[in-house]
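Colleague: The chain contents come next:
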Amino acid sequence: MSATGWIGKPVRRVEDARLLTGRGRYIDDHPPVANVHHAAIVRSPHAHARIRGYDLTAALAVDGVVGAITGEDVLRHTKPFGVGVTAPVHYYCAATDKARFVGEPVAVVVAKSRYVAEDAAELVRVSYEPLRAVVDPERALEPDAPVLHDAVGTNLAGHRRLVYGDPDRAFREADVVLEERFRFPKYGSTPIETYGVIATWDAFEGVCTVWSNFMGPFIMHPLTARVLGLPENQLRFIVPPDIGGSFGIKTSIYPYMALIALAARLCGVPVKWIEDRREHLLASSSGTDRVAYRELAAKKDGTILGMRFRWLDNVGGYIRSPEPGCSFRPTGNFVGPYRFQNLEVDASIVMTNKSLTGPNRGYACGHLYFESEGMIDRLADKVGLDPAEVRRRNLVPSDAFPYRTPTGGLYDSGDYQAAFDKALELAKYTELRREQARARAAGRYFGIGLALAVDPSVSNMGYVATALDPQFRAKPEYLPKSGAVDSATVKVDPLGRVIAILGTTPQGQGHQTIVSQIVADELGLTPEEITVVDEMDTFTRVWSISSGTYSSRFGSVGTSAVVLAARKLKGKLVEYGAHLLDVPKEQLTFRDGAIRPRTGKGPSYSIKDLAGRAHWNTESLPEGMEPGLQATAVFGFTVSKAVDAEDRVNSSNTYGFIAEVMAVEVDPETATIKILRYVTVHDAGTIINPMIAEGQIYGGALHGLGGALYEELAYDEDGQLLTGTFMDYLVPTASEAPTIDIAHVVSPSPLTPLGSKGLGESSSMTVPAVIANAVSDALAPLGIRITELPMTPTKLWKTIEQAGRSHAAPRAGHPRPEPNSGTPLR
Amino acid sequence: MKPPKFDYHAPASLDEALALLRRYGGDAKVLAGGQSLMPLLNFRLSRPAALVDLNRIPSLAYIEERDGQVRFGAMTRQRTIEFSPLVARRVPLLREATKWVGHLPIRTRGTIGGSIAHADPSAEYPAVLTALDGEVVARGPKGERVVRARDFFVTYLTTSLEADEILVEVRLPATPAGAGWALEEFARRHGDFAIVAIAALVVRDGARCGAARLATAGAGPVPVRLRAAEEILERDGLTDAAIDAAARRAAELVSPDSDIHASADYRRHLTTVLTRRALTRARTVAHA
Numbered sequence: 000m001s002a003t004g005w006i007g008k009p010v011r012r013v014e015d016a017r018l019l020t021g022r023g024r025y026i027d028d029h030p031p032v033a034n035v036h037h038a039a040i041v042r043s044p045h046a047h048a049r050i051r052g053y054d055l056t057a058a059l060a061v062d063g064v065v066g067a068i069t070g071e072d073v074l075r076h077t078k079p080f081g082v083g084v085t086a087p088v089h090y091y092c093a094a095t096d097k098a099r100f101v102g103e104p105v106a107v108v109v110a111k112s113r114y115v116a117e118d119a120a121e122l123v124r125v126s127y128e129p130l131r132a133v134v135d136p137e138r139a140l141e142p143d144a145p146v147l148h149d150a151v152g153t154n155l156a157g158h159r160r161l162v163y164g165d166p167d168r169a170f171r172e173a174d175v176v177l178e179e180r181f182r183f184p185k186y187g188s189t190p191i192e193t194y195g196v197i198a199t200w201d202a203f204e205g206v207c208t209v210w211s212n213f214m215g216p217f218i219m220h221p222l223t224a225r226v227l228g229l230p231e232n233q234l235r236f237i238v239p240p241d242i243g244g245s246f247g248i249k250t251s252i253y254p255y256m257a258l259i260a261l262a263a264r265l266c267g268v269p270v271k272w273i274e275d276r277r278e279h280l281l282a283s284s285s286g287t288d289r290v291a292y293r294e295l296a297a298k299k300d301g302t303i304l305g306m307r308f309r310w311l312d313n314v315g316g317y318i319r320s321p322e323p324g325c326s327f328r329p330t331g332n333f334v335g336p337y338r339f340q341n342l343e344v345d346a347s348i349v350m351t352n353k354s355l356t357g358p359n360r361g362y363a364c365g366h367l368y369f370e371s372e373g374m375i376d377r378l379a380d381k382v383g384l385d386p387a388e389v390r391r392r393n394l395v396p397s398d399a400f401p402y403r404t405p406t407g408g409l410y411d412s413g414d415y416q417a418a419f420d421k422a423l424e425l426a427k428y429t430e431l432r433r434e435q436a437r438a439r440a441a442g443r444y445f446g447i448g449l450a451l452a453v454d455p456s457v458s459n460m461g462y463v464a465t466a467l468d469p470q471f472r473a474k475p476e477y478l479p480k481s482g483a484v485d486s487a488t489v490k491v492d493p494l495g496r497v498i499a500i501l502g503t504t505p506q507g508q509g510h511q512t513i514v515s516q517i518v519a520d521e522l523g524l525t526p527e528e529i530t531v532v533d534e535m536d537t538f539t540r541v542w543s544i545s546s547g548t549y550s551s552r553f554g555s556v557g558t559s560a561v562v563l564a565a566r567k568l569k570g571k572l573v574e575y576g577a578h579l580l581d582v583p584k585e586q587l588t589f590r591d592g593a594i595r596p597r598t599g600k601g602p603s604y605s606i607k608d609l610a611g612r613a614h615w616n617t618e619s620l621p622e623g624m625e626p627g628l629q630a631t632a633v634f635g636f637t638v639s640k641a642v643d644a645e646d647r648v649n650s651s652n653t654y655g656f657i658a659e660v661m662a663v664e665v666d667p668e669t670a671t672i673k674i675l676r677y678v679t680v681h682d683a684g685t686i687i688n689p690m691i692a693e694g695q696i697y698g699g700a701l702h703g704l705g706g707a708l709y710e711e712l713a714y715d716e717d718g719q720l721l722t723g724t725f726m727d728y729l730v731p732t733a734s735e736a737p738t739i740d741i742a743h744v745v746s747p748s749p750l751t752p753l754g755s756k757g758l759g760e761s762s763s764m765t766v767p768a769v770i771a772n773a774v775s776d777a778l779a780p781l782g783i784r785i786t787e788l789p790m791t792p793t794k795l796w797k798t799i800e801q802a803g804r805s806h807a808a809p810r811a812g813h814p815r816p817e818p819n820s821g822t823p824l825r
Numbered sequence: 000m001k002p003p004k005f006d007y008h009a010p011a012s013l014d015e016a017l018a019l020l021r022r023y024g025g026d027a028k029v030l031a032g033g034q035s036l037m038p039l040l041n042f043r044l045s046r047p048a049a050l051v052d053l054n055r056i057p058s059l060a061y062i063e064e065r066d067g068q069v070r071f072g073a074m075t076r077q078r079t080i081e082f083s084p085l086v087a088r089r090v091p092l093l094r095e096a097t098k099w100v101g102h103l104p105i106r107t108r109g110t111i112g113g114s115i116a117h118a119d120p121s122a123e124y125p126a127v128l129t130a131l132d133g134e135v136v137a138r139g140p141k142g143e144r145v146v147r148a149r150d151f152f153v154t155y156l157t158t159s160l161e162a163d164e165i166l167v168e169v170r171l172p173a174t175p176a177g178a179g180w181a182l183e184e185f186a187r188r189h190g191d192f193a194i195v196a197i198a199a200l201v202v203r204d205g206a207r208c209g210a211a212r213l214a215t216a217g218a219g220p221v222p223v224r225l226r227a228a229e230e231i232l233e234r235d236g237l238t239d240a241a242i243d244a245a246a247r248r249a250a251e252l253v254s255p256d257s258d259i260h261a262s263a264d265y266r267r268h269l270t271t272v273l274t275r276r277a278l279t280r281a282r283t284v285a286h287a
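Just so you know, the protein sequences line up as chains E and G, in that order. Residue 0 is where the first sequence starts when you use numbering that gives the first Met the number 0, and the numbers rise one by one after that. Residue 0 is where the second sequence starts when you use numbering that gives the first Met the number 0, and the numbers rise one by one after that.
The hints are simulated quantities; they were obtained by calculation from the structure and are not laboratory data. Worth double-checking, as some hints may not be accurate.
A partial selection of chain G residues facing chain E, derived with a Cβ cut-off under 8 angstroms [unchecked claim]:
| # | residue |
| --- | --- |
| 1 | Met-37 |
| 2 | Ile-259 |
| 3 | Ser-262 |
| 4 | His-268 |
The beta-carbon is built from N, C-alpha and C at its ideal position, and this holds for glycine as well.
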């Protein structure tokens, strides 16, 4: 096999020229659909209200309006979406009986332009009977709390208690037991491109075509078909070549695809809806806010014996698939990089009057590691060990891979000790500790944080069933679920040009570039010679339930499918070349775009030559060879298995590793956190393009920083969103980005042909932990430990104040005095 | 996020603009750089019958020094001010404040008149105007009137401008010799409106402080001139103790509100911290 070595090189992204010059082909750039009309969505101003009726008269009278639909139409013409729990939550694509969060769609107006549609949307009269709202997940479970779903009778959408090993014994036998309560905030991703949907119905074939920037998983296609009452082969999802970022959020666009499709059907025109930023912040998707109660049992030498997690995950007004992944997505890596065997997880999925949740970069892992790594630091403090040493004593050893976790995860490869050592070395950890001692002596608040994480990629669709009781899963009518699959086609045209075809819904990650590197290596060509077409169309692409790009899939699954397809095609070309040259195929190799003898001596055929002959003269093919030069491969992980009777599941397929060190200084006067040093070491197996990998790490780190310091979808007690614009919902920008020192350790995955793993979520799951630990360390002299994010200056200042060391201003408030002007400035 | 319907006018002269305002009888909005008004329109929080766009009136953009004042045409862009040698020399506090205004694209469009007439109490320019006790010139149907800073800001986003008036000029006193200045701002991100900012200017007179100027952004519904704190410095000089006393006094002079970004207590506390830091730095500049 000739590898010309494009893999591993920072090949420049072919996408950038068009993306950076504003020529990306996004959903809003879709070529005009004849007679397309525009939707404006009427949204509930109430967090919780019964809907008594609608009056569309004034809206329909506006010049240019062609129609409108309401929850009544939704109820009449669609079914509710399937949800991931057994509780009878009826989740439709718009409110039907009640509005359960501010911003929930209640009606859609369709008009000749968005301006007119918005004018008319203001005139839609909805008669509401406001109800009491609840936004806090603990409050929502109190007996007197308002209940959102009458059919459920409680706000608890689901609850599981998972037990692995013997946690009770671990806690009984522990020298040290630690407890803590944590709160993790609700935040999203704010991709630059918001949601967009165009829907049209073909009156003759009965086909509904929906263009959108949906990113997968394509399980949502059959779910949506069922909602719309269509057979799957009459619902066509098409995703344009470019999606302007997603980070998980665009998984949750599917209810809008159904809603706009319904509007198009009932109004009799193609309908386009581009979500605006206000709508996005109000009602797209976010991660859950969580209250977590943690317990840790350990020996006095720092060996962890077991943990208990008790979670209340707040999924908002309805539980929307793939929730409750918020609790169960990391099942296989609940224990992180540590080797303790005893764990109890008590997960409550709570519905409140907030917007709905779903995958958000790091899906549930930011929560998990914020809590776990915080507990490890508390343990270090308790047993009087350096936090690095406590971690070292508990790591899964380097010779233990592949490692089966007590929760069913199969860590495919890794060398956690080596990566951790590298991070400590890069950060000059020992020196940092000395610097800290000097700073503390000088009265400064200097802290060092550590965080380690197993970075799961390529979720196994089967994990979602962890939400269901084993008894339910044991019923004969229950269908087990598992899998992580994607496909690719590689073909050679008659003049020898190579085209690779995928449907991986790239969101800016550079799939075209990566694919061109892989195919170039496999076929002995250069990346420029490969054309990559990556546009999803459920009618023409080969896809499955788990297709799409989410859960850091592409680096493992999509790339593997490309390798397999290219190898299949190469095998055929070699066989054909051997036939033409009349030599055994083992004597041939692919190099520099030609098939030639391994010895280097003798005749060769270029791909162009082979392609011409194969296409133009099928008589030249060896007997039995299928004409045409293309190969399609479907790659699936065989380690994806359904959850077992003991709730064990390999919830992801490849598992990377992250080790981080951060040093901060806190200004106690302003409560400002300054990041002085930040080192992140990753093991994602083989790195295909280090430049792209670095970009992912930067983005992930900034995203994590957002959740840790800036971003929160905050609500008041009545369920009104307080951070509905970018003036209030603060996303870190380049100015807030710290310098990041990145390094890699490479433990190739034995499960993928290239040894690669996913890397797209990366430091988004560790930064909340590492910075919270660093700030806790900085403020340790004041007895402060961070238990709640985001660490906004006003909250942190109050904490410092309460710790009794602040330099508080006098409290006496005086009205503004009448000023005199002072001496003139002359 | 599409604005409701409005008429749009782009007059070529100030008189024409004033006539339009009269015609709409208080139902028109003046468009300068658009950095605040356009989002308000798109959110449908502002629903004027018409926009009167000043961007086609070239005579409204200038910077000149006259009678010990630096005078700015209302449509002078913040980016122009940022790089004006005259501003750097004669009103260096304004130059320093400009660096805190939004981001480059915002400053490229944003104007001094727009920022001041919009009267966001967390903005930097109103704080500088207040600290320096500057003036604005309002032109209306009855001609021009000069309004002092302290008479201009009424409350959040509200000024004493009449509906038929246009703010045409901003006047700031030129900085005297021996002066030092500083603007200290606390915001959660670079480019955000201030949670609290303090604009400070001190004039050294031998060992004494000949004059001190302090004003806030973000510490109440209008920028607050901290005169009682200034008096401490003018009385006791620029010693550490006096600066500390002035900083503590400053917190007593403000009545900040709580919002999603900061509590009133925290803002009051920041008023002290930033006053001390601004004065300390201004003193250094004055001695340089």
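Colleague: Are the hints correct? Go through all of them and say.
Modeller: How the hints compare with the structure:
no.	hint	in the structure
1	Met-37	violated, 13 angstroms
2	Ile-259	holds, 5 angstroms
3	Ser-262	holds, 5 angstroms
4	His-268	holds, 5 angstroms
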